[in-house]
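Undergrad: Sequence:
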Amino acid sequence: MMITVVGDVLLDVDMSGEATRLCPDAPVPVVDVSDVRRRAGGAGLVARMLAQDGHRVTLVTVLSDDDASLELEGALAGVRVVSGPSGARTPVKTRVRAGRQPVVRVDEGCEQPEVPAATAVMIRALERAEVIIVADYGRGLAANQEVRDVLAARAGQIPIVWDPHPSGAVPVPGVAVVTPNLSEAAKATDAGTGTPAAIAAVGSMLLDRWQSQSVLVTMGEQGGLLSQRNASPVTIPAPPTEVADPCGAGDRLAASLAVHLAEGCSLSDAAELAINEAAAFLGAGGVASLPDRHRPVWHHSRDEDALDLARRVRANGGTVVATGGCFDLLHAGHARTLAAARDLGDCLIVCLNSDESVRRIKGEQRPIVSQQDRAELLLALECVDAVLVFGEDTPEPCLETLRPDIWVKGGDYRASDLPEAGLVKSWGGRCMTVPFHQARSTSVLADALAKVS
1 MMITVVGDVL LDVDMSGEAT RLCPDAPVPV VDVSDVRRRA GGAGLVARML
51 AQDGHRVTLV TVLSDDDASL ELEGALAGVR VVSGPSGART PVKTRVRAGR
101 QPVVRVDEGC EQPEVPAATA VMIRALERAE VIIVADYGRG LAANQEVRDV
151 LAARAGQIPI VWDPHPSGAV PVPGVAVVTP NLSEAAKATD AGTGTPAAIA
201 AVGSMLLDRW QSQSVLVTMG EQGGLLSQRN ASPVTIPAPP TEVADPCGAG
251 DRLAASLAVH LAEGCSLSDA AELAINEAAA FLGAGGVASL PDRHRPVWHH
301 SRDEDALDLA RRVRANGGTV VATGGCFDLL HAGHARTLAA ARDLGDCLIV
351 CLNSDESVRR IKGEQRPIVS QQDRAELLLA LECVDAVLVF GEDTPEPCLE
401 TLRPDIWVKG GDYRASDLPE AGLVKSWGGR CMTVPFHQAR STSVLADALA
451 KVS
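Letter 96 of the sequence shown, counting from 1, is numbered 96 in our numbering, and no numbers are missing.
Heads up, a few of these hints could be off.
Across the chosen pairs, the derived CB separations fall in these ranges [stated by the list, open to error]:
1. Glu221 - Ala191: 32 to 38 Å
2. Glu111 - Leu377: 43 to 49 Å
3. Val106 - Glu130: 34 to 40 Å
4. Leu379 - Pro85: 28 to 34 Å
5. Ser426 - Leu379: 24 to 30 Å
Rather than coming from a laboratory, the hints here were simulated on the basis of the structure. Virtual Cβ for every residue (Gly too), placed ideally from N, Cα, C.
Go ahead and model the full structure; you've got the sequences and the hints to work with.
TA: Below, the structure written as structure tokens:
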């Protein structure tokens with residue numbers, strides 16, 4: 001299943017530290033910053049959450065020509081990004097936390113832009129989507145008429161979850177569910193929300209106004225109120241959760257709703273699951289708990305991605321084999337090692353270092369061949385069934401996601417000495433080695449090429 005997220009992206013910066021004293025020239029805390037994290041926000045956060053959960057994700061958005069957008073492209077590793085040009089700066093929102101307590105937020109580039117244009121590729125991605133999340137952050141993409149026309153046409157065909165914004169566009173009619181929070185719902189109706197009856201009335205008003213299939217008004221620690229056509233409103237309680245920072249709760253909720261609706265859940269069941277998952281997300285620390293780097297991006301062959309391939313092989317009682325490396329300048333030694341690995345099971349998945357990862361490990365002159373081309377060359381080998389590209393220095397995130405039955409490396413050392421041995425053993429997997437052809441290496445080939453040139 002491919003999940004498509006459409007909406008505005010921004011760069012979130014989280015600065016964390018401890019505050020043990022006050023500033024001498026003003027009664028404000030001094031935060032000694034010990035950690036700075038820069039991550040995708042807005043629609044980018046929704047896409048990142050879904051990809052981290054192991055889903056295949058396409059993000060339809062617009063990107064600026066600035067440094068913040070370059071950072072966003074890196075932060076969105078693992079997400080297929082289909083983008084058009086933005087005529088405005090990339091919004092940057094910096095949050096400062098002392099411990100788990102938010103202290104201040106600083107916004108840059110958040111002036112209201114003009115409605116951006118949508119490219120033909122962006123429209124085509126929406127036309128082919130299987131499930132859509134509209135993450136409207138008030139930057140204009142959801143107001144683009146071409147985008148709205150496609151969304152309106154798809155609303156009767158696939159699940160569409162619309163996460164609205166006070167400064168954003170009105171949802172198109174027919175979407176599966178719109179998810180305003182209590183404040184957004186009150187502003188949209190100019191009505192009070194002080195009692196359960198008042199909230200139910202607001203939900204009913206929004207249902208009629210937006211002409212959606214349902215409206216889920218989220219109420220923080222009180223859960224949510226689901227209004228559907230021809231049905232009484234239903235209050236869905238949230239589990240008790242200690243929350244230091246609610247940032248990202250709406251994004252988590254929208255992501256979970258889309259997944260469960262696409263899996264065939266009813267609106268009420270999907271809403272209950274999503275509210276519980278959003279609470280668990282906040283209880284685990286919310287956006288501050290998200291890792292800096294993302295899980296692998298899926299490259300796939302034979303019209304099947306790596307995770308689906310592994311599931312199918314296991315379901316049929318087969319053995320999933322994985323190996324890893326840079327595979328820069330693919331040579332006969334690589335091919336022999338990969339063929340030997342494939343013989344150990346029923347499929348072979350290669351965990352491939354990204355360009356950035358190779359550069360950190362091998363130096364600034366590497367890789368010689370880009371990750372896209374390296375993946376394509378590997379997939380051209382009959383013995384390779386799928387490729388996973390990861391951005392870390394080691395393949396542990398790939399392994400944690402994939403959990404192969406056998407992890408293979410080429411070499412003459414003991415399998416138990418492999419650095420990944422403990423991790424693989426934790427889920428009952430095995431580490432094995434196959435012969436490594438020392439006479440053939442990328443370094444030797446690179447040196448030979450340098451002499452020729």
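Undergrad: Does the Cβ-Cβ separation between Glu221 and Ala191 fall within 32 to 38 Å?
TA: 22 Å, violated
Undergrad: That 24 to 30 Å hint for Ser426 and Leu379 (C-beta), does it hold up?
TA: Since the Cβ atoms of Ser426 and Leu379 sit about 29 Å apart, the hinted range of 24 to 30 Å holds.
Undergrad: Quick check: does the Cβ-Cβ distance between Leu379 and Pro85 fall within 28 to 34 Å?
TA: This hint holds: roughly 31 Å between Cβ atoms.
Undergrad: Okay, Val106 versus Glu130 on CB: inside 34 to 40 Å?
TA: For Val106 and Glu130 the Cβ distance comes to about 38 Å; the hint holds.
Undergrad: Just tell me: holds or violated, for the beta carbon distance of Glu111 and Leu377 against 43 to 49 Å?
TA: 46 Å, holds
Hint check: a violation occurs at hint 1 only; the rest are consistent with the structure.
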